[in-house]
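A.B. asks: Spelled out, the chains give:
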Amino acid sequence: AQKVTQAQTEISVVEKEDVTLDCVYETRDTTYYLFWYKQPPSGELVFLIRRNSFDEQNEISGRYSWNFQKSTSSFNFTITASQVVDSAVYFCALSEMGNQFYFGTGTSLTVIP
Amino acid sequence: EAGVTQFPSHSVIEKGQTVTLRCDPISGHDNLYWYRRVMGKEIKFLLHFVKESKQDESGMPNNRFLAERTGGTYSTLKVQPAELEDSGVYFCASSQESYGLESVEQYFGPGTRLTVT
Chain X
1 AQKVTQAQTE ISVVEKEDVT LDCVYETRDT TYYLFWYKQP PSGELVFLIR
51 RNSFDEQNEI SGRYSWNFQK STSSFNFTIT ASQVVDSAVY FCALSEMGNQ
101 FYFGTGTSLT VIP
Chain H
1 EAGVTQFPSH SVIEKGQTVT LRCDPISGHD NLYWYRRVMG KEIKFLLHFV
51 KESKQDESGM PNNRFLAERT GGTYSTLKVQ PAELEDSGVY FCASSQESYG
101 LESVEQYFGP GTRLTVT
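Top line first, the protein sequences correspond to chains X and H. Per the numbering used here, residue 1 is the first one in the first sequence, and the count goes up by one each step. Per the numbering used here, residue 1 is the first one in the second sequence, and the count goes up by one each step.
It is possible that part of the hints are untrue.
[As the list claims (entries may be wrong)] Label-pair distances were calculated between CB atoms; the ranges are:
| # | chain 1 | residue 1 | chain 2 | residue 2 | range |
| --- | --- | --- | --- | --- | --- |
| 1 | X | 64 | H | 105 | 13 to 21 Å |
| 2 | X | 73 | H | 10 | 31 to 39 Å |
| 3 | H | 62 | X | 26 | 25 to 33 Å |
| 4 | H | 12 | X | 78 | 32 to 40 Å |
| 5 | X | 40 | H | 84 | 21 to 29 Å |
| 6 | X | 43 | H | 66 | 41 to 49 Å |
| 7 | X | 40 | H | 20 | 22 to 30 Å |
| 8 | H | 64 | X | 59 | 38 to 46 Å |
FYI, nobody ran anything at the bench for these hints, they're computed from the structure. By construction, the Cβ of each residue, glycine as well, lies at the ideal position given by its N, Cα and C atoms.
Okay, chain H solo, but in the shape it has when bound (with noise of 0.2 Å):
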């Protein structure tokens, strides 16, 4: 069975371009999770799918980024315009529905480093 993955593994842009991150989770997993981990400091929740739908967008910095899961498969996190703070690793995680014992671990893909210069 195939990982969460992650695409790309690293990104380097100029302060003002658009970054699309993308999240591939494990089949059949609803739960889908961002999270960001700036140089230095603690990971960092960004947001959480159910499926299409967004459960808790809490931990979104600001209106920079959007992130998407259409049709509750793959979830894109764009981050528009890019400034310096928002480099850092982002992490994907997956886990099943949200019920029982299951639900409780998420699995993380390998990240993708963005680096904004």
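Pulled out of the complex, with its shape left as it was, chain X reads as follows (with noise of 0.2 Å):
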């Protein structure tokens, strides 16, 4: 079974919108961590944020804001006021104690000025 899914393959948005990106994730480990990676068209894995699973603390970073719940399984991301440099697909991937990481298929992410 996929550990990973993000739901959305495509995502347009006007500059200026807010966007979430959807993540929910699966493991039966107790202590784990979620990422969100960003790969813009140059090809290369961004990293944008760490979260262990023991920190269900909402993160502020700029236009940048992650919601996770444990309760759901979820590790969403929005963008705020979306620009047209945010264009690009972006991953959200999941490590059991530093092991491989499982990355969900990605949401591809084109904000139209």
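Build the complex: two chains, separate frames, hints provided.
C.D. replies: Written out as structure tokens, the structure reads:
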């Protein structure tokens, strides 16, 4: 069974709109880590955030915010006032204690000017 | 400090040929991982080295793929003979020793885009 599900394959928004990217994960471990990565058109994976399973505090970094809810096994990512430079593929990933990452299929975000 | 580097950035080969991808991890990182993303699919784990030893190679698709990490520094991933379904982006990642929070962070390289025609 897939451990990380990103149900949204593609999203298009108009610049300045807010957008939320969904991520649902599955694990039996009590200690785990969740990540979001951005893959711009240039191809590299850019680290955005890491969250451990014991820290459910939401986090805000500029226009980015993350909502971690263990009760629903979700780790959603919101971009406020989107910009064209936010256009990229975004991956959610799960790591069970420092081993391999399990990635979702990615959500391709297009911000239309 | 240099990040994870991968070579080549792109490779186009014909079916049946051999290709070797190279990954140079961050200096001092014992853990090295290979991942692959086939078009439209998730990024999937291939294998994990701890220094020069294969810790986990459960993700290797078949015996046409051979990974090595001689001396525990850089790693190579050879595909021989290449098939059409091997096309995709191959990512390498590295992390520090396997203890503590530092080992959780994996630093990814820019990837090698492989196209098999």
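A.B. asks: Indicate, hint by hint, whether the structure satisfies it.
C.D. replies: Each hint, compared with the structure:
no.: 1; hint: 64/X x 105/H: 13 to 21 Å; in the structure: holds, 18 Å
no.: 2; hint: 73/X x 10/H: 31 to 39 Å; in the structure: holds, 37 Å
no.: 3; hint: 62/H x 26/X: 25 to 33 Å; in the structure: holds, 27 Å
no.: 4; hint: 12/H x 78/X: 32 to 40 Å; in the structure: holds, 39 Å
no.: 5; hint: 40/X x 84/H: 21 to 29 Å; in the structure: holds, 27 Å
no.: 6; hint: 43/X x 66/H: 41 to 49 Å; in the structure: violated, 24 Å
no.: 7; hint: 40/X x 20/H: 22 to 30 Å; in the structure: holds, 27 Å
no.: 8; hint: 64/H x 59/X: 38 to 46 Å; in the structure: holds, 42 Å
Going down the numbered hints, you'll see the structure goes against just number 6.
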